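**Student:** Chain by chain, the residues run as shown.
There are 2 protein chains.
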Amino acid sequence: MSLISVGTMAFDAIETPFGKINQIVGGSGTYVAYAASNFVKPVQQISIVGFDFPQEEMEELRKRGVHLDGVVVVPDKKSFFWSGRYHEDMNSRDTLITDLNVLADFDPHIPDSYQGAEFLMLGNLAPKIQLNVIQEMKKRPKLIAMDTMNFWMESAMNDLKIVLKYVDMLIINDAEARQLTGMFSLVKAARSILQMGPQYLIIKKGEHGALLFHGDEVFFAPALPLEDVFDPTGAGDTFAGGFMGHLAKSGDISFENMKRGIIVGSAMASFCVEKFGPTRLKEITAADITGRIQQFKELVSFEIELV
Amino acid sequence: MSLISVGTMAFDAIETPFGKINQIVGGSGTYVAYAASNFVKPVQQISIVGFDFPQEEMEELRKRGVHLDGVVVVPDKKSFFWSGRYHEDMNSRDTLITDLNVLADFDPHIPDSYQGAEFLMLGNLAPKIQLNVIQEMKKRPKLIAMDTMNFWMESAMNDLKIVLKYVDMLIINDAEARQLTGMFSLVKAARSILQMGPQYLIIKKGEHGALLFHGDEVFFAPALPLEDVFDPTGAGDTFAGGFMGHLAKSGDISFENMKRGIIVGSAMASFCVEKFGPTRLKEITAADITGRIQQFKELVSFEIELV
Numbered sequence: 004m005s006l007i008s009v010g011t012m013a014f015d016a017i018e019t020p021f022g023k024i025n026q027i028v029g030g031s032g033t034y035v036a037y038a039a040s041n042f043v044k045p046v047q048q049i050s051i052v053g054f055d056f057p058q059e060e061m062e063e064l065r066k067r068g069v070h071l072d073g074v075v076v077v078p079d080k081k082s083f084f085w086s087g088r089y090h091e092d093m094n095s096r097d098t099l100i101t102d103l104n105v106l107a108d109f110d111p112h113i114p115d116s117y118q119g120a121e122f123l124m125l126g127n128l129a130p131k132i133q134l135n136v137i138q139e140m141k142k143r144p145k146l147i148a149m150d151t152m153n154f155w156m157e158s159a160m161n162d163l164k165i166v167l168k169y170v171d172m173l174i175i176n177d178a179e180a181r182q183l184t185g186m187f188s189l190v191k192a193a194r195s196i197l198q199m200g201p202q203y204l205i206i207k208k209g210e211h212g213a214l215l216f217h218g219d220e221v222f223f224a225p226a227l228p229l230e231d232v233f234d235p236t237g238a239g240d241t242f243a244g245g246f247m248g249h250l251a252k253s254g255d256i257s258f259e260n261m262k263r264g265i266i267v268g269s270a271m272a273s274f275c276v277e278k279f280g281p282t283r284l285k286e287i288t289a290a291d292i293t294g295r296i297q298q299f300k301e302l303v304s305f306e307i308e309l310v
Numbered sequence: 004m005s006l007i008s009v010g011t012m013a014f015d016a017i018e019t020p021f022g023k024i025n026q027i028v029g030g031s032g033t034y035v036a037y038a039a040s041n042f043v044k045p046v047q048q049i050s051i052v053g054f055d056f057p058q059e060e061m062e063e064l065r066k067r068g069v070h071l072d073g074v075v076v077v078p079d080k081k082s083f084f085w086s087g088r089y090h091e092d093m094n095s096r097d098t099l100i101t102d103l104n105v106l107a108d109f110d111p112h113i114p115d116s117y118q119g120a121e122f123l124m125l126g127n128l129a130p131k132i133q134l135n136v137i138q139e140m141k142k143r144p145k146l147i148a149m150d151t152m153n154f155w156m157e158s159a160m161n162d163l164k165i166v167l168k169y170v171d172m173l174i175i176n177d178a179e180a181r182q183l184t185g186m187f188s189l190v191k192a193a194r195s196i197l198q199m200g201p202q203y204l205i206i207k208k209g210e211h212g213a214l215l216f217h218g219d220e221v222f223f224a225p226a227l228p229l230e231d232v233f234d235p236t237g238a239g240d241t242f243a244g245g246f247m248g249h250l251a252k253s254g255d256i257s258f259e260n261m262k263r264g265i266i267v268g269s270a271m272a273s274f275c276v277e278k279f280g281p282t283r284l285k286e287i288t289a290a291d292i293t294g295r296i297q298q299f300k301e302l303v304s305f306e307i308e309l310v
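Keeping their order, the protein sequence lines are chains A and B.
Residue numbers for the first sequence follow this note's numbering, beginning at 4 and rising by one.
Residue numbers for the second sequence follow this note's numbering, beginning at 4 and rising by one.
Same shape as in the complex, but just chain A (with noise of 0.2 Å):
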């Protein structure tokens, strides 16, 4: 099985309570390949970069089994650049600078080498970039995930419809689904959301974790209690890349298969948090993540007799 990831790939400075680093590889795709290629490979990236965007960064991740075809390197422009700063508490942060550059001119098309892939996950980016994205793969993929943000809802609400018809499942954060749907109760949006066309929902939570809809059925994973959270960046898309990572790499889509997907997922992003940027997804191995998995099996077991 193959995942297609589309996405950003780019540059973050972040201040956190806990420090400051003023350049280090960011972007939804890159956490997205990091976190997917210790589960399926190939990852097949599709992404823009500057002449600055470092080698040593393609080298890092061709290793890991991503595959670059897609990724259009700008001879004369600079990568994406994002800074911002977290408040205390980590929920919140404000965007300081924004800098387009590359990806201002982002049309990203499908390789020949990519087609037939199984998976699919759209990072966030216009709804009609994802459209276009999906237009362009001759086979439909088995499952095909897409995330968003309130930006898009606000300037491209009915673009967002339409590529909500073509999507299997939504990857959001709370406050993404309240936005969308104008409700507050989570579990009236997550209804609101299932009846605009994905037949699967994930609500992310940050901190408290994430929520899983399908029809009826729901499914709750908490985040795992950590003595700190150190750099929040990229926790979700680092959550949604080790999520398709298990779904492609066992080819199962059912529910109670997404279920597990959901664990891995949270483990990555648990250690995704512990230092900045994806530093901390680069070092940890197989061994690693299996050992963090088990703690969420022990964080959430129990056994309980029904008379």
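Because the hints were derived from the structure by calculation, they are not lab data.
Honestly, I wouldn't trust all of these hints.
Since copy identity is lost for identical chains, a pair holds within one copy or between any two.
As the list claims (entries may be wrong) - With a cut-off of at most 25 Å between alpha-carbon atoms, the simulated PhoX-like pairs for lysine-lysine come out as follows:
| # | residue 1 | residue 2 |
| --- | --- | --- |
| 1 | K66 | K142 |
| 2 | K81 | K191 |
| 3 | K278 | K191 |
| 4 | K168 | K262 |
No experiment lies behind these values; they were computed from the predicted model shown.
With chain A's structure known, arrange chain B on it following the hints.
**Tutor:** Just chain B, lined up with the frame of chain A:
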């Protein structure tokens, strides 16, 4: 096994985005008794009420196996009254009125008929009062749990630190855990509290579930995702009542059984929030409770192979 519950029995006036009620019975002891009496008999209540507290309410509690020998009725004063208004997110509320009335004279004693109880739940009261109750017990209970709040941290921190050395378990919410320790990370706060006396700690996170800490072990139970939280008043006390009721029923204070207790408490709290005050707690049957616990199992259960 029997459970002594020390707490308020009162009147509340409640305003939520869904409606308003000018007078309904409330108080921590009331909620603990309604929740716990589903699992253990007798619940031995210690409280104080005024001339205005309804006889029918007393009768209702008696019918459920709640002993009232320890409930003082003051013939010439009114019952404790609290009035509050919830914000739209239901996680925060403004206290509008607090009329202590009889509560100003509350000096609880253990009736002889209650001596020998194996479980003791100390509701949120002045730490000195909590300590007095503990010291009146001729035989130390198998498990003593207590609640507290920010008011006592600000006005009686020394007393609070003393009583903490006499209890086995503290049950508080996330904001209180942070205030008690001055630590933002709940994992760090928990470690700090477990140095203060209690061997067990439950941190309640409202709609985001509850954490149980003991030594290096941690267990998490989510709150049930509900369409609407109609009225959160008493949910925390109901949780504590369900938890202690389950422990007292089985007499088992192992960590494994506490996990089950947390699930039972969460199930009871999920009923509590469905209607004003304790209304819903009076309606539910054993079958309702079993069904709700089954929902919790389904919400978090997953099977994953670790290789």
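**Student:** Decide, hint by hint, whether the structure agrees.
**Tutor:** Do the hints match the structure? See the list:
no., hint, in the structure
1, K66 / K142, "neither (28 Å within a copy, 67 Å between copies)"
2, K81 / K191, "neither (43 Å within a copy, 42 Å between copies)"
3, K278 / K191, "between (35 Å within a copy, 18 Å between copies)"
4, K168 / K262, "within (23 Å within a copy, 42 Å between copies)"
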